[in-house]
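Based on the hints, put chain B in the right spot on chain A.
Number of protein chains: 2
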Amino acid sequence: MPSISKKGMRMPASPIRKLVPYAEEAKRKGRKVYHLNIGQPDIPTPDVALDAIRNIDLKVIEYSHSAGFESYRRKLAGYYQALGLDIDYTEIIITTGGSEALLFAFNSCLDEGDEVIIPEPFYANYNSFAISAGVVVRPIMSSIESNFALPPIEEFEKLINPRTKGIVICNPNNPTGYLYSKEEMLQLGEIAKKHDLFIFSDEVYREFCYDGEKHFSALELKGLEEHVILTDSVSKRYSECGVRIGALVSKNKEFMNTALKFAQARLSPPSLGQIAGEASLETPASYFHEVSEEYVERRNYMVEALNQMPGVFTPKPKGAFYTVAKLPVDDSEKFCQWLLESFEYKNQTVMMAPAAGFYASPGAGKDEVRIAYVLKIDDLKNAMETLAHALEAYPGRTL
Amino acid sequence: MPSISKKGMRMPASPIRKLVPYAEEAKRKGRKVYHLNIGQPDIPTPDVALDAIRNIDLKVIEYSHSAGFESYRRKLAGYYQALGLDIDYTEIIITTGGSEALLFAFNSCLDEGDEVIIPEPFYANYNSFAISAGVVVRPIMSSIESNFALPPIEEFEKLINPRTKGIVICNPNNPTGYLYSKEEMLQLGEIAKKHDLFIFSDEVYREFCYDGEKHFSALELKGLEEHVILTDSVSKRYSECGVRIGALVSKNKEFMNTALKFAQARLSPPSLGQIAGEASLETPASYFHEVSEEYVERRNYMVEALNQMPGVFTPKPKGAFYTVAKLPVDDSEKFCQWLLESFEYKNQTVMMAPAAGFYASPGAGKDEVRIAYVLKIDDLKNAMETLAHALEAYPGRTL
Numbered sequence: 001m002p003s004i005s006k007k008g009m010r011m012p013a014s015p016i017r018k019l020v021p022y023a024e025e026a027k028r029k030g031r032k033v034y035h036l037n038i039g040q041p042d043i044p045t046p047d048v049a050l051d052a053i054r055n056i057d058l059k060v061i062e063y064s065h066s067a068g069f070e071s072y073r074r075k076l077a078g079y080y081q082a083l084g085l086d087i088d089y090t091e092i093i094i095t096t097g098g099s100e101a102l103l104f105a106f107n108s109c110l111d112e113g114d115e116v117i118i119p120e121p122f123y124a125n126y127n128s129f130a131i132s133a134g135v136v137v138r139p140i141m142s143s144i145e146s147n148f149a150l151p152p153i154e155e156f157e158k159l160i161n162p163r164t165k166g167i168v169i170c171n172p173n174n175p176t177g178y179l180y181s182k183e184e185m186l187q188l189g190e191i192a193k194k195h196d197l198f199i200f201s202d203e204v205y206r207e208f209c210y211d212g213e214k215h216f217s218a219l220e221l222k223g224l225e226e227h228v229i230l231t232d233s234v235s236k237r238y239s240e241c242g243v244r245i246g247a248l249v250s251k252n253k254e255f256m257n258t259a260l261k262f263a264q265a266r267l268s269p270p271s272l273g274q275i276a277g278e279a280s281l282e283t284p285a286s287y288f289h290e291v292s293e294e295y296v297e298r299r300n301y302m303v304e305a306l307n308q309m310p311g312v313f314t315p316k317p318k319g320a321f322y323t324v325a326k327l328p329v330d331d332s333e334k335f336c337q338w339l340l341e342s343f344e345y346k347n348q349t350v351m352m353a354p355a356a357g358f359y360a361s362p363g364a365g366k367d368e369v370r371i372a373y374v375l376k377i378d379d380l381k382n383a384m385e386t387l388a389h390a391l392e393a394y395p396g397r398t399l
Numbered sequence: 001m002p003s004i005s006k007k008g009m010r011m012p013a014s015p016i017r018k019l020v021p022y023a024e025e026a027k028r029k030g031r032k033v034y035h036l037n038i039g040q041p042d043i044p045t046p047d048v049a050l051d052a053i054r055n056i057d058l059k060v061i062e063y064s065h066s067a068g069f070e071s072y073r074r075k076l077a078g079y080y081q082a083l084g085l086d087i088d089y090t091e092i093i094i095t096t097g098g099s100e101a102l103l104f105a106f107n108s109c110l111d112e113g114d115e116v117i118i119p120e121p122f123y124a125n126y127n128s129f130a131i132s133a134g135v136v137v138r139p140i141m142s143s144i145e146s147n148f149a150l151p152p153i154e155e156f157e158k159l160i161n162p163r164t165k166g167i168v169i170c171n172p173n174n175p176t177g178y179l180y181s182k183e184e185m186l187q188l189g190e191i192a193k194k195h196d197l198f199i200f201s202d203e204v205y206r207e208f209c210y211d212g213e214k215h216f217s218a219l220e221l222k223g224l225e226e227h228v229i230l231t232d233s234v235s236k237r238y239s240e241c242g243v244r245i246g247a248l249v250s251k252n253k254e255f256m257n258t259a260l261k262f263a264q265a266r267l268s269p270p271s272l273g274q275i276a277g278e279a280s281l282e283t284p285a286s287y288f289h290e291v292s293e294e295y296v297e298r299r300n301y302m303v304e305a306l307n308q309m310p311g312v313f314t315p316k317p318k319g320a321f322y323t324v325a326k327l328p329v330d331d332s333e334k335f336c337q338w339l340l341e342s343f344e345y346k347n348q349t350v351m352m353a354p355a356a357g358f359y360a361s362p363g364a365g366k367d368e369v370r371i372a373y374v375l376k377i378d379d380l381k382n383a384m385e386t387l388a389h390a391l392e393a394y395p396g397r398t399l
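These protein sequence lines map, in sequence, to chains A and B. Letter by letter, the first sequence follows residues 1 to 399 of this note's numbering. Letter by letter, the second sequence follows residues 1 to 399 of this note's numbering.
No lab work stands behind these hints: they were computed from the structure. As the structure is a prediction and not an experimental result, all values here were calculated from the model. Watch out, some of these pointers could steer you wrong.
Identical copies look the same in the list; a pair holds intra-copy or inter-copy alike.
What the hints assert, rightly or not - Think about it this way: if two alpha-carbon atoms lie no more than 25 Å apart in a straight line, the pair counts; the simulated DMTMM-like pairs of lysine to aspartate or glutamate are:
(1) 29 x 183
(2) 59 x 111
(3) 376 x 57
(4) 59 x 378
(5) 27 x 344
(6) 75 x 24
(7) 334 x 344
(8) 59 x 379
If we strip away everything but chain A, and leave its shape as in the complex, we get:
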């Protein structure tokens, strides 16, 4: 029997997936499970997108251009321009979700053994895409005590060596919800310039910034036009996770020509998803106001509820719809499993993502979880009440 690849063996199983059988078992027992573990929002997809799909007038669902429909790219350039970003439609490649954008970026810029620095905790699948592309991830710790702010420049410089080719950031951040300030972005730009590094900037949560804070895009970094590779997605912006439409955006022509060759190999991004994505650009501003208000209410409630629980601490994130919380438990993987396997409060329990899966440093995040506030406020209240009781009952509590 032929053996699978070493690369395949190194691919991590998702930390959430391990819990899925326990969640299914809990549901089989008739228990209500609150899903705080996933990035699938409950927010409705805009009607303009659903209507565009329902009204398709096609005889053949054909390939699009490998870089995506030109009409979509032109309108999407208009979206960036409205944000004050000087982007032409030729500087955009439509991808199959943000995932494919990142894979094309890594494959176009990095060879086997090249290194990227990523502040941890980070989106767990960055690891998977790095393994796919043969790239080495060098993590750099951002701590919950400093609200997950950008680590000091010196920490980056300690890791930089001749194989270092780039820095990956996610802004606003998944899993921490942290929003990088303009000052932090400028610092990052300086390191990139000094050491001739790419900045891979994942900005899929751009619209989810709260408390009047303004998002500062990596594309605004002056003099770094050749360094910045932006990855984007409609998944969260329009609650369209399933359409699998994202984008690669860069002013670096050599990079774009190379990425297009990877795009040509897979022929085209999904045509139906592009129809939804293009129509979504007509989403009224009121949609975003409502969504933002909803998330702010959820966040405020949740952060307060968490910090009132003895021994629990979470920062108040300014973006996205996640937070990382420190819990008074021996091991958050065990705790999350125990919640599903052995605990119930009023026949309810909670599913969360153990944070260790978001760290590359062994042992880090062992007493942390990522919580996604993608539930309606009433459900969130029940979930927090349940969690509070669980922390009192958990045999491995450390308080």
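Here is chain B on its own, set in the frame of chain A:
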């Protein structure tokens, strides 16, 4: 300015893409260009699929399971069972087109520097996926004189070394239209067993078999259940190239578990495309009969027309909707460019794919083109008439 990857530099530009600007220029001049260069059929998508899309009843377009909707996988298992293949839904992962299926297969089975043997000419993007995965392609010549039959076993054995991990076939074949016989498949199975190799079998043209010939799937190879990795797609079967839905099928559990980790990293295949794909399984048999009759009529006309042109030879392919033809020209890339740039007959011209792009051996296929018979018979007649005149007028003709 940071430099792009060596991998990216090695990615081939599609041989067809180079011709696109010339085709656009010809159209700007008001010239009718017959597209024999692409695998985008003109056949309508089945109504059941289009209706399913128009009738979607969703509030949120959510992620599906990373392996695809369970309902779709169960019905798709039924499709394979109806073909006599013993496939359970747990042995299927829905992918973003056949492209992603192949990429997951390579990444799950092959490490940097591992080798796969592929009979050439072969689908040009196999090269691209091999480069993405760091894999070395070892081509083995199948010649137009022998109708592109499977090369003798001894030729495979000459190339097999400790880094050889698999053989890639496409059956029926793109670009040649060749349909491997049961005997050839059994031979291939013997080599794979003897040398413990994977068989990556691309069977996306399964339904396109003519003259009463029966398709023999690699999944029918007895005792090779752990070796066979099937890649599949709805693109050609239902003329749904744009939905980007394919599948990985294998009875090798270790492989499937590994491929699923790659699938989890990209979250899910397109949900809308899956809705179309699932509905397409209800396509009436009459659809396939009509499509088959249409292609047979086109093929018969085209093969005869080509072989009547002085110095031209093409086999009569038994599958898919392509053929490779040998032309009396100095260089088919130059000829194809000349057709678009400098030739017209009744203000018409023809676009074809130079075959060199389908060979890995340098210099091979220099006087061959791939022709896709994806045009209605009247257009095909005009295209063949135009080609015949072009071959008489071409300054680089060798006859």
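Checked hints:
1. 29 x 183: neither (51 Å within a copy, 53 Å between copies)
2. 59 x 111: Answer is neither; intra-copy 42 Å and inter-copy 42 Å both fail.
3. 376 x 57: between (36 Å within a copy, 22 Å between copies)
4. 59 x 378: between (45 Å within a copy, 20 Å between copies)
5. 27 x 344: Within. Shortest intra-copy distance 11 Å satisfies the 25 Å Cα cut-off; inter-copy 69 Å does not.
6. 75 x 24: The answer is between: 23 Å across copies meets 25 Å, while 42 Å in one copy does not.
7. 334 x 344: within (16 Å within a copy, 73 Å between copies)
8. 59 x 379: Answer is between: at 19 Å across copies they meet the 25 Å cutoff, but 44 Å inside does not.
Going down the numbered hints, you'll see the structure goes against 1, 2, while the others check out.
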